[in-house]
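Colleague: Sequence:
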Amino acid sequence: MEGKLRRILRFMELTDVFFAVFDEEDRLLFANRKYRETFFLEEEEHPYWPDLMRRNFHARRGTVISSPDFELWLKGTLSRRGKVPFRAFETDVHDGTWLWMTETVDEDGWMLCLASDITPLRAQGRTLRQERDIALRSSLTDDLTGIANRRFLMERLVDMIEREAETTGSPPGCFAILDVDNFKQVNDRFGHAYGDRLLVGFAQKISTLVRRIDCFGRLGGEEFGLVLPRMTPPEAAGAVETMLEAVSALRPFSEHPDFSYSFSAGIAPATCREDQADLYARADAALYKAKRAGKNRVCLSD
Numbered sequence: 000m001e002g003k004l005r006r007i008l009r010f011m012e013l014t015d016v017f018f019a020v021f022d023e024e025d026r027l028l029f030a031n032r033k034y035r036e037t038f039f040l041e042e043e044e045h046p047y048w049p050d051l052m053r054r055n056f057h058a059r060r061g062t063v064i065s066s067p068d069f070e071l072w073l074k075g076t077l078s079r080r081g082k083v084p085f086r087a088f089e090t091d092v093h094d095g096t097w098l099w100m101t102e103t104v105d106e107d108g109w110m111l112c113l114a115s116d117i118t119p120l121r122a123q124g125r126t127l128r129q130e131r132d133i134a135l136r137s138s139l140t141d142d143l144t145g146i147a148n149r150r151f152l153m154e155r156l157v158d159m160i161e162r163e164a165e166t167t168g169s170p171p172g173c174f175a176i177l178d179v180d181n182f183k184q185v186n187d188r189f190g191h192a193y194g195d196r197l198l199v200g201f202a203q204k205i206s207t208l209v210r211r212i213d214c215f216g217r218l219g220g221e222e223f224g225l226v227l228p229r230m231t232p233p234e235a236a237g238a239v240e241t242m243l244e245a246v247s248a249l250r251p252f253s254e255h256p257d258f259s260y261s262f263s264a265g266i267a268p269a270t271c272r273e274d275q276a277d278l279y280a281r282a283d284a285a286l287y288k289a290k291r292a293g294k295n296r297v298c299l300s301d
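Heads up: the sequence shown begins at 0 in numbering that gives the first Met the number 0, then just goes up one per residue.
Bear in mind the hints are in silico, worked out from the structure with no lab data behind them. The model shown is predicted, which means the values in this text are computed figures rather than measured ones. One or more of the hints may lead you astray.
Stated by the list, open to error - Under the rule of at most 35 angstroms between Cα atoms (straight-line distance), these lysine-lysine pairs were calculated in the DSBU-like manner:
1. Lys74 / Lys183
2. Lys288 / Lys183
3. Lys74 / Lys288
4. Lys204 / Lys183
5. Lys3 / Lys74
6. Lys33 / Lys183
7. Lys33 / Lys74
8. Lys288 / Lys204
9. Lys3 / Lys33
10. Lys74 / Lys204
11. Lys290 / Lys204
12. Lys290 / Lys183
13. Lys290 / Lys74
14. Lys183 / Lys294
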């Protein structure tokens with residue numbers, strides 16, 4: 000078996016197919032020669048994917064990123080990356096190469112990336128396909144915060160419910176609704192521009208605290224949603240409690256260093272006997288319970 004494994008690894012080094020594996024924290028575990036050459040990686044280097052993209056962006060190499068604001072692009076990309084079991088797309092790199100790339104994600108959040116050079120193929124329609132892909136990404140992204148929008152979040156919620164119906168023995172997933180406390184007072188006191196800044200900062204902080212298999216998005220206004228696959232209600236409550244602590248430590252406005260804020264959350268476990276509307280309603284009822292109990296807390300559905 001060991002000899003067969005060595006031969007498989009040798010073929011991976013010889014092939015012109017791009018091959019890479021990332022773990023559940025998005026850290027590179029393995030990349031073959033072609034992938035390393037194209038994305039400027041040393042042989043024993045194992046960076047996190049965001050760090051790899053960031054350094055190549057600033058060096059004007061690797062993947063072409065058309066957005067002038069890399070961090071905004073990254074935030075939106077990470078809110079969708081690894082959230083579906085499989086996706087395929089075209090991308091180009093600074094040396095003029097065009098790639099057809101696929102991402103396959105397992106139930107633990109590990110990702111297999113494969114890509115093929117499609118530069119020699121007929122370019123007819125490529126611009127149209129690019130415009131289509133940009134429009135699709137825009138339709139799944141919240142304009143203000145750059146994270147996933149309600150549409151993308153609800154699609155992931157349906158995915159979680161369907162997986163729950165198909166699997167046994169694994170923890171049920173949970174859905175959480177997060178609502179910024181006293182947000183109207185922020186707008187009334189400081190103005191809507193400050194309110195927008197608060198929401199952007201909130202989205203950025205929560206995004207750093209979710210797993211790859213989780214999905215965090217904006218539902219609308221000051222309300223956000225969290226899809227938490229394979230998590231029990233106590234585990235979900237613990238995760239959101241960590242977020243509560245992190246947000247309470249934020250000081251979003253340098254002009255008002257004493258200002259802080261909080262949020263409330265309602266959590267409901269998914270079951271195979273209900274649809275997304277029922278699950279959403281139970282999480283919303285739990286949120287209402289948290290608000291009535293004094294805010295700045297998380298409550299589980301009955």
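Colleague: All the hints need checking, so say for each whether the structure fits it.
Modeller: Hint by hint, here is what the structure shows:
1. Lys74 / Lys183: 26 angstroms, holds
2. Lys288 / Lys183: 19 angstroms, holds
3. Lys74 / Lys288: 31 angstroms, holds
4. Lys204 / Lys183: 21 angstroms, holds
5. Lys3 / Lys74: At roughly 40 angstroms apart (the allowed maximum being 35 angstroms), Lys74 and Lys3 break the hint.
6. Lys33 / Lys183: 53 angstroms, violated
7. Lys33 / Lys74: 27 angstroms, holds
8. Lys288 / Lys204: Status holds; Cα separation ~24 angstroms.
9. Lys3 / Lys33: 21 angstroms, holds
10. Lys74 / Lys204: Holds, at roughly 11 angstroms.
11. Lys290 / Lys204: Measuring from Cα to Cα gives roughly 21 angstroms; hence the hint holds.
12. Lys290 / Lys183: Roughly 14 angstroms separates the two Cα atoms, so the pair holds.
13. Lys290 / Lys74: Holds - the C-alpha atoms of Lys74 and Lys290 are around 29 angstroms apart, at most 35 angstroms.
14. Lys183 / Lys294: It holds: about 14 angstroms lies between the C-alpha atoms, which stays within 35 angstroms.
The structure fails hints 5 and 6 (numbered hints given earlier, in ascending order).
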